[in-house]
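Chemist: Here are the chains, one letter per residue:
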Amino acid sequence: MNHTPDTTTAGNGGNFDPRQAAALLGQTTQQARRQLAPSPPWLLATRAVAVLAALGAIWLSVRGQHPYRGPTAADTPILIAFIVLNFAATVAVRGRALAGVRGTTRLRPAEITILVVSWAAVPVLMWALAANGVSFAWYPTTVLIIPGLAYAAIMAARVSWRECGTGLAVAATGAVGAFAGPAGAWAVAGVGLFLVLLGTAAAITWQQRRSVVRS
Amino acid sequence: MTTDELDPLIHVPTRLKIVATLAALPDGDTLSFTRLQDMIGLTPGNLIIHLRKLEEADYISSEKTRNGTVSVTTVALTGHGRKALGAYTQALRDLLGGL
Chain A
1 MNHTPDTTTA
11 GNGGNFDPRQ
21 AAALLGQTTQ
31 QARRQLAPSP
41 PWLLATRAVA
51 VLAALGAIWL
61 SVRGQHPYRG
71 PTAADTPILI
81 AFIVLNFAAT
91 VAVRGRALAG
101 VRGTTRLRPA
111 EITILVVSWA
121 AVPVLMWALA
131 ANGVSFAWYP
141 TTVLIIPGLA
151 YAAIMAARVS
161 WRECGTGLAV
171 AATGAVGAFA
181 GPAGAWAVAG
191 VGLFLVLLGT
201 AAAITWQQRR
211 SVVRS
Chain B
1 MTTDELDPLI
11 HVPTRLKIVA
21 TLAALPDGDT
31 LSFTRLQDMI
41 GLTPGNLIIH
51 LRKLEEADYI
61 SSEKTRNGTV
71 SVTTVALTGH
81 GRKALGAYTQ
91 ALRDLLGGL
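Going line by line, the protein sequences match chains A and B. Position 193 of the first sequence, counted from 1, bears residue number 193 in the numbering used here, the numbering being contiguous throughout. Position 21 of the second sequence, counted from 1, bears residue number 21 in the numbering used here, the numbering being contiguous throughout.
Mixed in with the good hints, there may be bad ones.
To be verified - Okay, the calculated bits of chain B under chain A, using three or more residues with CB under 8 Å as the criterion: (1) 16-25; (2) 30-37; (3) 56-65; (4) 81-95.
Said to hold, decoys possible - Residues from chain A that face chain B, not an exhaustive set, calculated with beta carbons under 7 Å: (5) 18; (6) 22; (7) 24; (8) 25; (9) 28; (10) 29; (11) 32; (12) 33; (13) 36; (14) 96; (15) 99; (16) 100; (17) 101; (18) 103; (19) 104; (20) 105.
Honestly, the hints are just simulated from the structure, not real lab data. Where is the CB? At the ideal position from N, CA and C, for every residue including glycine.
Please build the complete structure, drawing on both the sequences and the hints.
Modeler: Spelled out as structure tokens, the structure:
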């Protein structure tokens, strides 16, 4: 941690050079943005690579199936490991970043409820689509549509347009997957989520690094 | 333009760090005293002195809440403080552009 000279007794800028002030302002702002980020770019980039690897591995195992039978028993541990690790890392990193923070940075109980309900609605939607003979009912990409739209709606209500865009991009990945066939949907989900997560990581990095003093 | 035109309340290294750190949070969000202290690396006594000066100028607001036997102090940048930091940043830009 950087320690600045104690100026308590002086109580004023004294010999505090404007160039030093600009450098300190930029450095402190960037540090604070990084430390308070609930979804840091490194986590998003790691998640992007992991989702591409996990869903890519499943796509490799199902792409030769004629007729399509779905992921094999060997694929299930990969998917479960990815979900568990992703959840644990998200909770740990978010908890550390938001320690001592109160307010809009944290999701409100009503918003958490909407997200939980949106995930709970996924099997209901898939079952309803299957009952009506819709071909993409059980595609992995169909899972993404409702939670993606719910997240986009929550972020639109918060006027957080970047995060709203992320939610819409996730939902769009789900929609595109409907046209990719049962095996191809795994590839669409993997590549789509990889691009969304990497794009989000890049956007956050740019926001955190953009200069404060130099406009 | 001269350095005299820089807000003297903000143009102090420690207070600049406090204000810049709080400005990284969205408008209205608060940060606990202990987290702020951890992020800035000051002793509690030193931090209190600077926070008091900023609060007297209405640049920050603080609130003390009780959670059972533990009391938690939270601080936030006020709208006035955010405007002051914006003006200070603009003044720095003008000053450095002219140097």
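Chemist: Next step is simple, just say for each hint if it's right about the structure.
Modeler: Do the hints match the structure? See the list:
1. 16-25: This one holds; 7 residues, not fewer than the three required, reach chain A with a Cβ under 8 Å.
2. 30-37: As far as the stretch 30-37 of chain B goes, the hint holds, because 6 residues have Cβ atoms under 8 Å from chain A.
3. 56-65: Since three or more residues must qualify, the claim that chain A covers the stretch 56-65 of chain B is violated, with 0 doing so at under 8 Å.
4. 81-95: holds (count 4)
5. 18: This hint holds: residue 18 (chain A) lies near chain B, its Cβ roughly 5 Å from the closest one there, short of 7 Å.
6. 22: Since the shortest Cβ distance to chain B is 5 Å, the answer is holds.
7. 24: Residue 24 (chain A) check passes; min Cβ-Cβ to chain B is 6 Å, inside 7 Å.
8. 25: 5 Å, holds
9. 28: Nearest chain B Cβ about 4 Å off; hint holds.
10. 29: Holds - the Cβ of residue 29 (chain A) comes within 7 Å of chain B, reaching about 5 Å at its closest.
11. 32: This interface hint holds because 4 Å falls under the 7 Å limit.
12. 33: 5 Å, holds
13. 36: 6 Å, holds
14. 96: 11 Å, violated
15. 99: 6 Å, holds
16. 100: OK, holds: residue 100 (chain A) within 7 Å of chain B, min 3 Å.
17. 101: Constraint on residue 101 (chain A) satisfied, holds at 6 Å.
18. 103: 3 Å, holds
19. 104: 5 Å, holds
20. 105: This hint holds: residue 105 (chain A) lies near chain B, its Cβ roughly 5 Å from the closest one there, short of 7 Å.
Going down the numbered hints, you'll see the structure goes against 3 and 14, while the others check out.
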